[in-house]
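A.B. asks: Given next are the chains, with one letter for each unit.
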Amino acid sequence: MRWRLWRRAGASSLPFRLGAALCGGALVLALVGPALLGGDPSAQDLYHVLQPPSWRHPCGTDAFGRDILVRLVYGLRLTLMEIAVSLTVAAGIGVPIGLFAGFAPRWVDGAVMTISDVLFAFPGLVLALLVVSLLGPGLFHALLAIAAFSVPVYIRLGRTLAAGMRHLLWVEALTVLGAGRTRVLLRHVLPNAATPLLVQATLSGGTVVLAAASLSFLGLGAQPPLPEWGTMMSDGRNALGAAFWPCLFPGLSIAVTVIGLNCLGDGLRERFGAPGEDRRAGSGGEV
Amino acid sequence: MMGFLRRAAALPLIMLGVSVAVFVAIHALPGDPARLLAGQQAPEAVVAALRHRLGLDLPLPAQYGRFLLHALHGDFGLSLRNGVPVATLVLGRLPYSLALGGLAYMLALLVGIPGGIVAAARAGSWADHLLTGLTLIGASLAGFWVALLGMEVFAVRLHWLPLMGAGGWRHYVMPACVLALLPAALILRMTRAGLVTVLRQDYIRTARAKGLSPRRVMLRHALPNALAPIIAVSALNIGSLISGAVVTETVFDWPGVARLLVDSVRYRDYPVIQGITLLSVLGVLLATLAADAAIALLDPRQRRMS
Chain W
156 MRWRLWRRAG
166 ASSLPFRLGA
176 ALCGGALVLA
186 LVGPALLGGD
196 PSAQDLYHVL
206 QPPSWRHPCG
216 TDAFGRDILV
226 RLVYGLRLTL
236 MEIAVSLTVA
246 AGIGVPIGLF
256 AGFAPRWVDG
266 AVMTISDVLF
276 AFPGLVLALL
286 VVSLLGPGLF
296 HALLAIAAFS
306 VPVYIRLGRT
316 LAAGMRHLLW
326 VEALTVLGAG
336 RTRVLLRHVL
346 PNAATPLLVQ
356 ATLSGGTVVL
366 AAASLSFLGL
376 GAQPPLPEWG
386 TMMSDGRNAL
396 GAAFWPCLFP
406 GLSIAVTVIG
416 LNCLGDGLRE
426 RFGAPGEDRR
436 AGSGGEV
Chain S
41 MMGFLRRAAA
51 LPLIMLGVSV
61 AVFVAIHALP
71 GDPARLLAGQ
81 QAPEAVVAAL
91 RHRLGLDLPL
101 PAQYGRFLLH
111 ALHGDFGLSL
121 RNGVPVATLV
131 LGRLPYSLAL
141 GGLAYMLALL
151 VGIPGGIVAA
161 ARAGSWADHL
171 LTGLTLIGAS
181 LAGFWVALLG
191 MEVFAVRLHW
201 LPLMGAGGWR
211 HYVMPACVLA
221 LLPAALILRM
231 TRAGLVTVLR
241 QDYIRTARAK
251 GLSPRRVMLR
261 HALPNALAPI
271 IAVSALNIGS
281 LISGAVVTET
291 VFDWPGVARL
301 LVDSVRYRDY
311 PVIQGITLLS
321 VLGVLLATLA
331 ADAAIALLDP
341 RQRRMS
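Line by line, the protein sequences give chains W and S. Residue 156 is where the first sequence starts when you use my numbering, and the numbers rise one by one after that. Residue 41 is where the second sequence starts when you use my numbering, and the numbers rise one by one after that.
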């Protein structure tokens, strides 16, 4: 990805800039935030439970007297980790399968696409619940579950990209020069797929954050001491009526993060075209 | 029409694939369902008898065949938690889920389609930006967060609505609104995008040039042609509606199927998980098929060509 392309993309629209700013801000905050605030996300202070927002605790304290702002900042790290892990797993499994399916004989391609259709037929969270029920609750298992329902998206993306390039002159020339199928796909087709992959990953990022928080909220993802945003809301739920801030701020963090990712994704899609779609063919507006 | 028929023919195949996948995944687990069902203290002879009765001593393909045969007769086995047939459990919960989901879906259509029309009619105006911005926010909120805030405000503080559970119409208000949020946002965006594309076409300019009112151009000329993608995305929304129901029903303690699924996952009640998973996939596939049929009926081009 060239910097020049980024600059041109940045010039495109307000939502894109907003998204880039929010995502960039989130990255910086996750990196330096914990050092800057200096608190301990699990330090309990039972003399100051459920304190409303104040100068000392800008987001208040939870039922164990833990500072919610500090926990949110550590939770941001967890959230970014969740995106990275589940999308790496999903793309790592889906894209190679899709790429090879795009170059494979028709019947292999058909078989792979049927499997992807089968996975696609599951409502996302239902498949995730099935996987969690098989593996047992826990953050890592929840991330694998989220990856499971994201895989077919990447299979389709990889396949569309490979099938679109299969008959390009330079790809055929490579084959004539004696490059094997694996080499062509991984060394030549995959780098050209970087941009659509990035767009798709940004667009899926929001889904991952929401799904991970949902599973954690249901008690099937991250487990209580962890400052995961969904877990924090699940804890805060018991204090509703007495204190709303343990629920308000984690949900607000999720909303801001997901809005940032969606804006950035929409902006990138506007600039580079929908992933897996040939821009020259002219797409019929956004979906 | 051919495309529709091909998809209709593919549905049982995909459903079969889904059932194999779910069955194999669940049966690949370590542990003995017969032992679970009989209890830890049950004598080995009882467990063996139960294993034989449930067909768990058969090879896996034979077990699958048996499962499929029973499933086609509406028998999805017994819940490991309380020994009640899965079908009975699910059917008891289904009306609650259908009522809530149906209401939420109507709400989403009632907000999404008019909203999309307004946004498309005034594309680029402040109303358009406002609506598009709202859909972006609506699609980015965690449903359970909105639910919790709603409970705090409308139930705990104002006492306008009940906190949770099912009952009179008041019990439907908050869960339906929370569940409708994401589909409404998606339908609005889709309606707007579809209409904007159609409104650029020549025949719309002709319709305007011959002096038709903007309202008539929009409702009689543009909207019918933009309907197909709206219906398509509506059907795809059934999946996200079910996903949303998982969280919404749990937060509001709604006695629906999705709530049963979450509880069953907590107890690892595999027959129930299996039954509900298959049911939800079937729901999604049927909705997609119905959308295909509707599109084929609405769009004359689809009727003739493949």
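Keep in mind the hints are simulated off the structure, nothing from the lab. Only a predicted model underlies this, so the values are computations on that prediction, with no experimental measurement involved. Among the clues, some could well be false.
Unchecked claim - Interface residues of chain S toward chain W, partial, derived using beta-carbon atoms under 7 Å:
(1) Leu176
(2) Val287
(3) Val302
(4) Leu325
(5) Leu326
For each residue, glycine too, the CB sits at the ideal point set by N, CA and C.
A.B. asks: So, as I understand it, the hint says Val287 of chain S touches chain W; can you test that by seeing if any CB pair is closer than 7 Å?
C.D. replies: holds, 5 Å
A.B. asks: Holds or violated: is there a CB of chain W closer than 7 Å to the CB of Leu176 of chain S?
C.D. replies: Since the shortest Cβ distance to chain W is 6 Å, the answer is holds.
A.B. asks: Taking the least C-beta to C-beta distance, is Leu325 of chain S closer than 7 Å to chain W?
C.D. replies: holds, 6 Å
A.B. asks: Using 7 Å as the Cβ threshold, decide whether Leu326 of chain S counts as touching chain W.
C.D. replies: violated, 11 Å
A.B. asks: Quick check on the hint: Val302 of chain S CB to chain W CB, less than 7 Å?
C.D. replies: holds, 6 Å
Hint violations for this structure: number 5 only, all remaining hints satisfied.
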